[in-house]
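Visitor: Here the protein sequences come in this chain order: P and C.
Here our numbering is used: the first residue of the first sequence is 1, the next is one more, and so on.
Here our numbering is used: the first residue of the second sequence is 1001, the next is one more, and so on.
Rather than coming from a laboratory, the hints here were simulated on the basis of the structure.
Treat the hints with care, since some could be wrong.
[Unchecked claim] SDA-like, lysine to any residue: derived pairs with alpha carbons at most 20 Å apart:
no., chain 1, residue 1, chain 2, residue 2
1, P, Lys-228, P, His-206
2, P, Lys-228, C, Ile-1076
3, P, Lys-228, P, Arg-22
4, P, Lys-228, C, Arg-1056
5, P, Lys-228, P, Glu-148
6, P, Lys-228, C, Gly-1053
7, P, Lys-228, C, Thr-1085
8, P, Lys-228, C, Arg-1080
9, P, Lys-228, C, His-1054
10, P, Lys-228, P, Arg-210
11, P, Lys-228, C, Asp-1075
12, P, Lys-228, C, Ala-1083
13, P, Lys-228, C, Ser-1052
14, P, Lys-228, C, Gln-1033
15, P, Lys-228, C, Gln-1082
16, P, Lys-133, P, Ile-178
17, P, Lys-228, P, Ala-24
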Amino acid sequence: MVIRIAAVGDVHLDQDVVGRFRPALEELSGNADALLLAGDLTRHGTEDEARCVAQEFGGLDVPVIAVLGNHDHQCDQVPRVVGALEEAGIVVLEGDGVVLDCPGGRLGVAGVKGFGGGFAGRCASDFGEPEMKAFVRTTTESADRLGEALRSLDCDLLVALTHYSPVPDTLAGEPLEIYPFLGCYQLGQAIDSAPTALALHGHAHHGSERGTTPGGVRVRNVAHPVIKQAYSIFELGDHLDQAQVSGVGAGGIQQPWS
Amino acid sequence: MTAHRDRGAGPPDEYVEAEIHRLLTEDPAVAEQGITVVRTERALVLYGEVESGHRRDEILRRVSERFPDVPITSDIGVIRKQAPTEIEQLP
Chain P
1 MVIRIAAVGD
11 VHLDQDVVGR
21 FRPALEELSG
31 NADALLLAGD
41 LTRHGTEDEA
51 RCVAQEFGGL
61 DVPVIAVLGN
71 HDHQCDQVPR
81 VVGALEEAGI
91 VVLEGDGVVL
101 DCPGGRLGVA
111 GVKGFGGGFA
121 GRCASDFGEP
131 EMKAFVRTTT
141 ESADRLGEAL
151 RSLDCDLLVA
161 LTHYSPVPDT
171 LAGEPLEIYP
181 FLGCYQLGQA
191 IDSAPTALAL
201 HGHAHHGSER
211 GTTPGGVRVR
221 NVAHPVIKQA
231 YSIFELGDHL
241 DQAQVSGVGA
251 GGIQQPWS
Chain C
1001 MTAHRDRGAG
1011 PPDEYVEAEI
1021 HRLLTEDPAV
1031 AEQGITVVRT
1041 ERALVLYGEV
1051 ESGHRRDEIL
1061 RRVSERFPDV
1071 PITSDIGVIR
1081 KQAPTEIEQL
1091 P
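Take the sequences, apply the hints, and build the full model.
Guide: Below, the structure is given as structure tokens:
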């Protein structure tokens, strides 16, 4: 079984940058089974910007699955943003999942935007003022929905897609003081509640690429400023030697690999 | 927005740093959360990466417009957008 997943987040599209990603996206065909978008697709979350996203990421030869990010909520037009993306064939997840039949097996993707809150031992608690309780309950409910979605999918390979980070590892490079605004441990707990093979997120522009959940699930920060390329490609499969864990294929995406 | 007293020729103060940081996110013409503002002895330095040269120019224009007396240095880059040349294998 071999499944290849392309992913990027935080592309912040608007009219001024439409077309920037397209040449690289045209190379996806044959090199990836799906493209996952980890939120912050737009600058301000307007319907017009969502149409730019639809133009840039629609009509590709591979399925495109997305979650929204905090920027995509800025103008309170979420239903219209989602509508514009869906019109272009982009699947938008928020507490649900999808299973794709790929040549290498069934790829299950569960997604949620997620929220902040902080990480174990240094996080916000559901206590005190109504505003604080509402904040933490938003976090908890979001993570609960992700966990339920992950556990509900019948597939060969399970991937979690979020905007906020499920672990602090991939935030390395960000100021410690803002970690609670960048992710929460509850997302990691949800990911560890299912047989997840890979977790992808964005949001942390100054973070780093690689981490793992406490349960051992690989986590990758695919925010565009972090990966510094149009998208990253991850190859998952039981054909690979365990010694190659996190190894990097050297052939380039236009060459075959095994 | 808080008014600032004249700081003369001294370095920008911490409150200016905070306001510029918020402006970068809250000004609709900028809306960038990934720009870091670092206060040095002589100026405020803006670090980070954006999706286009136009957005970088707009950041500098808006900050200079709002804080004409604050010396600003920019080290903002434009993120590359080429297809990857390598894949990561995850057994």
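Visitor: Could you run down the list of hints and mark each one as holding or not?
Guide: Now the hints, each set against the structure:
| no. | hint | in the structure |
| --- | --- | --- |
| 1 | Lys-228(P) - His-206(P) | holds, 11 Å |
| 2 | Lys-228(P) - Ile-1076(C) | holds, 14 Å |
| 3 | Lys-228(P) - Arg-22(P) | holds, 15 Å |
| 4 | Lys-228(P) - Arg-1056(C) | holds, 17 Å |
| 5 | Lys-228(P) - Glu-148(P) | violated, 33 Å |
| 6 | Lys-228(P) - Gly-1053(C) | holds, 16 Å |
| 7 | Lys-228(P) - Thr-1085(C) | holds, 12 Å |
| 8 | Lys-228(P) - Arg-1080(C) | holds, 5 Å |
| 9 | Lys-228(P) - His-1054(C) | holds, 18 Å |
| 10 | Lys-228(P) - Arg-210(P) | holds, 14 Å |
| 11 | Lys-228(P) - Asp-1075(C) | holds, 16 Å |
| 12 | Lys-228(P) - Ala-1083(C) | holds, 10 Å |
| 13 | Lys-228(P) - Ser-1052(C) | holds, 13 Å |
| 14 | Lys-228(P) - Gln-1033(C) | holds, 17 Å |
| 15 | Lys-228(P) - Gln-1082(C) | holds, 8 Å |
| 16 | Lys-133(P) - Ile-178(P) | holds, 19 Å |
| 17 | Lys-228(P) - Ala-24(P) | holds, 13 Å |
This entry does not satisfy hint 5, going by the numbered hints stated previously; all others are met.
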